[in-house]
Every structure is written in C-alpha cells, then in structure tokens.
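K.L.:
Listed below are the residues making up each chain.
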Amino acid sequence: MKEITAIIRPNKINTTKKVLDTLGFPAMTAQRVLGRGKQKAIIGEVTMDIDKTKLHEKEGTMRYIPKRMLTLLVSDQDVSLVVEAIMRVNQTGQKGDGRIFVSPIEEAIRVRTGENGDKAIT
Amino acid sequence: MKMIRAIVRPDKAEEVVDALAESGYVALTKLDVIGRGKQKGIQVDEIYYDELPKVMLMLVSESENTSGIIQIINDTAFTGNFGDGKVFVSPVDEAYTVRTRSKGL
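Residue numbers (the working numbering), protein chains in the order written: chain Y, 1 to 122; chain W, 1001 to 1105.
You may find that some hints are simply not true.
[Stated by the list, open to error] 20 Å max Cα-Cα, derived EDC-like pairs, lysine to aspartate or glutamate:
#	chain 1	residue 1	chain 2	residue 2
1	W	1103	Y	3
2	W	1002	Y	45
3	Y	38	W	1022
4	Y	12	W	1045
5	W	1103	Y	76
6	W	1103	Y	106
7	W	1002	Y	21
8	W	1002	Y	3
9	Y	38	W	1051
10	Y	40	W	1062
11	Y	38	W	1014
12	W	1002	Y	76
13	Y	38	W	1062
14	Y	17	W	1018
[Claimed, not checked] Computed footprint of chain W on chain Y; a stretch qualifies when at least three of its residues, placed anywhere within it, have a C-beta under 8 Å from a C-beta of chain W:
#	stretch
15	82–89
16	92–102
[To be verified] Okay, the calculated bits of chain Y under chain W, using three or more residues with CB under 8 Å as the criterion:
#	stretch
17	22–31
18	61–74
Just so you know, the hints here were simulated from the structure itself, not pulled from any lab data.
Quick caveat: nothing in here was measured; it's all calculated off a predicted structure.
In this text, a Cβ means the ideal position worked out from N, Cα and C, and glycines have one as well.
Build out the structure end to end from the sequences listed, making use of the hints.
P.N.:
Below you can see the structure in the form of structure tokens.
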C-alpha cells in the first residue's frame, strides 16, 4: 500500500475528483492548507479575465498560498496510474501547480468490518 | 526522501518558517490542527482545555538534510514548557513536480 499526498490548486479540486472517480478511486481525504514555494501570488487563479502578460511580470509577495491537500491510499500497482492522472489534470505550466508525494503505508484497517491490508482500501 | 511533520505552537510557527527559509528550506505546507499530549490538555484556573490549537508544518526533503531541519525546528520552537510540540519523520518513496511532470524534489 502507498499513500499519495498531492498538494494542488484549490480551483482544480473538482476536476481532479471527477477524473479519479472515473478511474475508480473515489475515496480520498481533502484538506485546506497553506503552502509556500516558488509561487508568490494568486493572480493566475482568479476567475475574472486577466491580461496574460501580467501573469509573467507579476511576482507578488504573498507569504502563503491557499492550497488543497489530497490524501489517498492505493495499492502498489495503481500508484503510477493515479500519479499520472493527477499530474495530467493539474498541469498548467505556471509556478504553483503543486507536488505529489508517494510514501509507504504499513497497515490499513476498515473500522466498519475490521478488514485490514489491501482489502480495507478497495 | 523523508517527510517531516512538525507540530509546534501557533505563535512559534512563523519564527520556525523564517528560520527554515533562512537555511534554504523555503517550500513547506502549513495546517491548523487541534491536538493534545501527555498532559491531556491544560487546566487554566477553572476552565479545562481538552484539545489545544497547534500548527503542523509539513515538508519533504532529501534524507541527508533531515537532521539539519529537525535541529532548526527544535532550536526555534523550544520554550521549555509542556506543549512545545513534536517532530515526526516518515519515509517518502517518490516526489513529483506537477508543473514539469518531473520526478524528484
């Protein structure tokens, strides 16, 4: 089992959920988080029309950028599929597209039935 | 690669973030969390607080840098009282940057 932690733009969450749902991974945990990295402004994320040239010249001084953190548990053979799907949906080419981390999970237990291991996450 | 999750006092969080940025660890994620520790919360006069607000800082780094990062967090978040927080380190197999679709940090 692997845990996939993806930190993505808040306005991409709906499409990401939809795509993962069609691929057969409806279960996930989403959290509102704040992040900092190379992105320093959210001018590229507002819904109104913005002059495209401004996206490049505007550096910004925001200390933290609001992000969504998705956590989902998948079995080992599905990791590359899910990672590829998340990357394809979220790639815009601008700074701030986010990061994906894959880390090992030793045990998972479904509380309702007491099942453990791979059975608990499918 | 390792993921470092540090649970620190909310009023110390910015100090820790600044100290990490000075040493070159700029990228991190910040979460507001609620927790309690060995002291089962805190008693202030007649009011008993079962759960206390904390800030969780999450960052992923190369394995050889972890001890340095933990040292920075320990130095800046320290007050000597109960409730200074904890630091957890867990393994990360792979990391991807979405913008470039490249592997690695």
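K.L.:
Look at each hint and say if it fits the structure.
P.N.:
Against the structure, the hints:
1. Taking the CA atoms of residue 1103 of chain W and residue 3 of chain Y, the gap is near 17 Å; set against the 20 Å cutoff, the hint holds.
2. Simply put, residue 1002 of chain W and residue 45 of chain Y have alpha-carbon atoms about 30 Å apart, too far for the 20 Å limit, and the pair is violated.
3. A C-alpha spacing of about 15 Å is found between residue 38 of chain Y and residue 1022 of chain W, which places the hinted pair at or below 20 Å, so the restraint holds.
4. For a cut-off of 20 Å, the pair hint linking residue 12 of chain Y to residue 1045 of chain W is broken: about 47 Å separates their Cα positions.
5. Proximity of residue 1103 of chain W to residue 76 of chain Y is assessed by CA-CA distance (about 18 Å); at most 20 Å being required, the pair is judged to hold.
6. Proposed proximity of residue 1103 of chain W and residue 106 of chain Y is contradicted: the alpha carbons are some 23 Å apart, above 20 Å.
7. With a C-alpha separation of about 29 Å, the suggested pairing of residue 1002 of chain W with residue 21 of chain Y is violated against the 20 Å cut-off.
8. In summary, the hint linking residue 1002 of chain W to residue 3 of chain Y is supported, as the alpha carbons are separated by about 14 Å, within the 20 Å threshold.
9. For the given pair, residue 38 of chain Y sits about 34 Å from residue 1051 of chain W by alpha-carbon distance, which is inconsistent with the 20 Å threshold.
10. Of the pairs offered as hints, the one joining residue 40 of chain Y and residue 1062 of chain W is violated, with about 24 Å between alpha carbons and a cut-off of 20 Å exceeded.
11. Under the criterion of a C-alpha separation no larger than 20 Å, the hint pairing residue 38 of chain Y with residue 1014 of chain W is consistent with the structure, at around 18 Å.
12. Among the hinted pairs, residue 1002 of chain W with residue 76 of chain Y is consistent with the structure: their alpha-carbon atoms are about 19 Å apart, no more than 20 Å.
13. Between residue 38 of chain Y and residue 1062 of chain W, the direct Cα distance comes to roughly 18 Å. Compliance with the 20 Å bound is thereby established for this hinted pair.
14. Between residue 17 of chain Y and residue 1018 of chain W, the direct Cα distance comes to roughly 34 Å. Violation of the 20 Å bound is thereby established for this hinted pair.
15. Remark: the stretch 82–89 of chain Y is confirmed as covered by chain W, as 3 of its residues place a Cβ nearer than 8 Å to a Cβ of that chain, reaching the required three.
16. A count of 11 residues in the stretch 92–102 of chain Y with a Cβ less than 8 Å from any Cβ of chain W is obtained; the coverage claim is therefore met, three being the minimum.
17. Remark: the stretch 22–31 of chain Y is not confirmed as covered by chain W, as 1 of its residues place a Cβ nearer than 8 Å to a Cβ of that chain, below the required three.
18. Three residues within the 8 Å Cβ limit are the bar, and the stretch 61–74 of chain Y against chain W gives 3, so the coverage statement holds.
Of the numbered hints stated above, those contradicted by the structure are hints 2, 4, 6, 7, 9, 10, 14, 17, listed in ascending order.
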